[in-house]
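Asker: One letter stands for each residue in the lines below.
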Amino acid sequence: MPPKPLPLATPTSRPFWEGLRQGEVRLQRCEACSAWVFYPRTNCPACLSPKLAWQTVAGTGRLHAFTLARVPTAPFFADELPQKLALVELDEGVRIPSTLVGIEEEAIEIGMRLVPVFEKTEGGEGVLLRFTKADAG
Amino acid sequence: MGLAGQAAIVGIADWKPERKYAGEPRFTIEQYAELARLALEDAGIEAGEVDGLVTARIGESSNFMPATVAEYCGFAVNFAELVDLGGANAVGMVWRAAAAIELGLANVVVCAIPARPTPQRPGASREPDPRWFFGASSPEYGSPQAEFEIPYGHLAQNAGYALIAQRYAAVHGYDARAMAKIAVDQRTNACANPDAIFFGQPLSIDDVLASKLVADPLRLLEIVMPVHGGHAVVVAGRERARRTRHRPVFVRGCGEHLAIKSPANARDLLATPVGPASESAFRMANVRRDEIDLACLYDCYTITVLLTLEDAGFCKKGQGLDFVRDHDLTYRGDFPLNTHGGQLSYGQAGGAGGMSQVGEAVRQIRHAAGARQLDRCDVAFVSGTGGVMSEQSALVLRGE
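For the record, the sequence lines run as chains A and B. Quick note on our numbering: the first sequence kicks off at 1259 and runs consecutively. Quick note on our numbering: the second sequence kicks off at 4 and runs consecutively.
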């Protein structure tokens, strides 16, 4: 089996991955229309302005949708079953595909508060952005 | 504005779905030629009259695809198009052909999608190409999916449709039995269609609920089974259509919409592109939803059917499960849906799968659907879906 596919930064996305390596979530924000932008782009998808500035955000949000994949989505992920695939809506409104870690299947609920987890990887950009349940209260 | 209803589907060819990897491998261009021959023969049109061609991707060339196919088939055309809309290809091809005909560019247009096995280069590895694992997701460098989705395991189709279904459940509620009924009613239809891959294998709601959970809440029998096959249609101008072998099926309305490649980037996961696509098709055709005799809704998953029933306007948002419970969706029922069995029970021949639904609408309107024939079928609605609810197209067809 080939190794798991890992991200490869582009000149446009490099600040995002650099942020993760430093334990920060960075998003682009459009200086023309104020839209938050994810994934990183050269032009704002709301107004096409090329003036996008990086900002560090808390990385907190809510679970927008999830599934528990009980058949691996590709053979590389056979060791993660069930894959806790999540679509996370950050407080800024952007949605990030990720996975949930450190949480039991039964405890997963759409709408639950989530916080980022910076998971080190061998290879790729050295870190992946996963999410877990925010502390109660 | 819009189509004036001056083009009709006059020929169809459907290769009976076969289990993978049955059948003699043939190159895609060879399959195009044979599908075109069959569809033209069905129409009663000579190959020399073809002056338009719409193709999907082919295996033997990475570019200049329509020219490669035209040359192989011996077609000299005034309109050539490669359509790249995944499962929405069939519907997208038919309206492009009709539009080209109404513009006066062409008069006989062949649209085909082959999906039989192709030969391997002698000496090539028998190992599966790892690219197949990625399905609709692109692993290429610079692809947003390669960078932000695939490393997390968000790839291919099952997980994306499951995310949408879970979101639906959280917002509108869920009824696994009603979802299963979509697959069961379509299986009843397949049992009246000897060409369907699951002909002779009836299914119950309990069977669906007992099938393997693949990605919550979707179970195996709610997910389409890939098969081999292939389909083609011939679209011709009104005057030419009158001199063909069957009742012409006119393309009265069409629509298409897309905004995203991945559902992660959908503004609203539950507002699917078939909304604007179907609105355009019905308005153009000047047909009301309740005037439809047959709905052929793209059904890669049960959730696709549920959302299409709602977003195409057959019921209100959030009431799709009630609609499924309240209606008999079989060929004997009050809302006939996918009377050939749908792709779920007829089989999905790769990217050609959606063309089985165009073919079924044509057959029903011709009154040539055998045991599953509807008493009355003049007007049909057909939808196509590509990727993970990323692109959707719609047609309103009418027999004259």
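None of these hints come from the bench; they were simulated from the model. Watch out, some of these pointers could steer you wrong.
To be verified - Covered stretches of chain A (in silico footprint by chain B; criterion: 3 or more residues with CB under 8 angstroms from a CB of chain B, positions within the stretch not fixed):
1. 1311-1317
2. 1328-1336
Unchecked claim - Among chain B residues calculated to face chain A with C-beta under 7 angstroms, some are:
3. Phe30
4. Gly145
5. Ala218
6. Phe326
Note that the coordinates shown come from a computational prediction; the quantities given were computed from them, not determined experimentally. Just so you know, even glycine gets a beta-carbon here, dropped at the ideal spot from N, CA and C.
Asker: Could you tell me which of the numbered hints above are not met by this structure, giving the numbers in increasing order?
Answerer: 1, 3, 6
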